[in-house]
Amino acid sequence: DAKTTQPPSMDCAEGRAANLPCNHSTISGNEYVYWYRQIHSQGPQYIIHGLKNNETNEMASLIITEDRKSSTLILPHATLRDTAVYYCIVRGLAGNQFYFGTGTSLTVIP
Amino acid sequence: KAGVTQTPRYLIKTRGQQVTLSCSPISGHRSVSWYQQTPGQGLQFLFEYFSETQRNKGNFPGRFSGRQFSNSRSEMNVSTLELGDSALYLCASSLVPPPGGLHGYTFGSGTRLTVV
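If you read the protein sequences in the order shown, they are chains C and S.
Count the first sequence with the working numbering and you get residues 1 to 110, in order.
Count the second sequence with the working numbering and you get residues 111 to 226, in order.
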């Protein structure tokens, strides 16, 4: 499975959109991009995943570049409860695990 | 519906002892995975079970073992505990393993193990 690169930390003002980037330049054609987040002292929580098209659900939007080498998770209106570590993960259908990496620590500021 | 339940939530053990952690997946989920989380190494994959069979194993010593029962509940065991085994142990379940598990896992809140 391809590895990912994320900025270690980001701040976002409450009510504004939080845009979290992820680089996955070695991604192969059958690998999906997943996003999870982990709020302090809890288990990781699934947010969204995609293959090549942009995706949106009730939690977030996922924008994947045309060459699929990078993606951006968008939280449209960040709240204080969105403060967490966000993990971008690339995994193929045959992948045997999620490689979480170090993630991005997002702090939403009042 | 009930989430993934891990017991106990907290545990303190002495070096050299062994420990067993339990995970009850979401009802109907047949795939269970275990991860170890430490401040230095982050989240690391331990093993994955499906239908009572270990499908994959991470890069951990043989002191770490696990099993899955016919009701999909899973246990992991660590023998001869070392100080470095202190960590948050997370269990995750999904309906089926990949390629069916594309929506990912649902994680439990974990068991915090402290080895003294």
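The set of hints was computed from the structure by calculation and includes no laboratory data.
Nothing here was measured: the structure is a model prediction, and the numbers come from that model.
Among the hints, a few may not be true.
What the hints assert, rightly or not - Once the Cα atoms are required to be at most 25 Å apart in a straight line, the calculated SDA-like pairs of lysine to any residue come out as:
{"no.": "1", "chain 1": "S", "residue 1": "K167", "chain 2": "S", "residue 2": "E192"}
{"no.": "2", "chain 1": "C", "residue 1": "K3", "chain 2": "S", "residue 2": "E192"}
{"no.": "3", "chain 1": "S", "residue 1": "K123", "chain 2": "C", "residue 2": "Y99"}
{"no.": "4", "chain 1": "S", "residue 1": "K167", "chain 2": "C", "residue 2": "P21"}
{"no.": "5", "chain 1": "C", "residue 1": "K3", "chain 2": "S", "residue 2": "K123"}
{"no.": "6", "chain 1": "S", "residue 1": "K123", "chain 2": "C", "residue 2": "H40"}
Here is what the structure says about each hint:
{"no.": "1", "hint": "S:K167 x S:E192", "in the structure": "holds (20 Å)"}
{"no.": "2", "hint": "C:K3 x S:E192", "in the structure": "violated (30 Å)"}
{"no.": "3", "hint": "S:K123 x C:Y99", "in the structure": "violated (28 Å)"}
{"no.": "4", "hint": "S:K167 x C:P21", "in the structure": "violated (30 Å)"}
{"no.": "5", "hint": "C:K3 x S:K123", "in the structure": "violated (35 Å)"}
{"no.": "6", "hint": "S:K123 x C:H40", "in the structure": "holds (23 Å)"}
Comparing the model with each earlier hint shows violations of hints 2, 3, 4 and 5; every other hint is respected.
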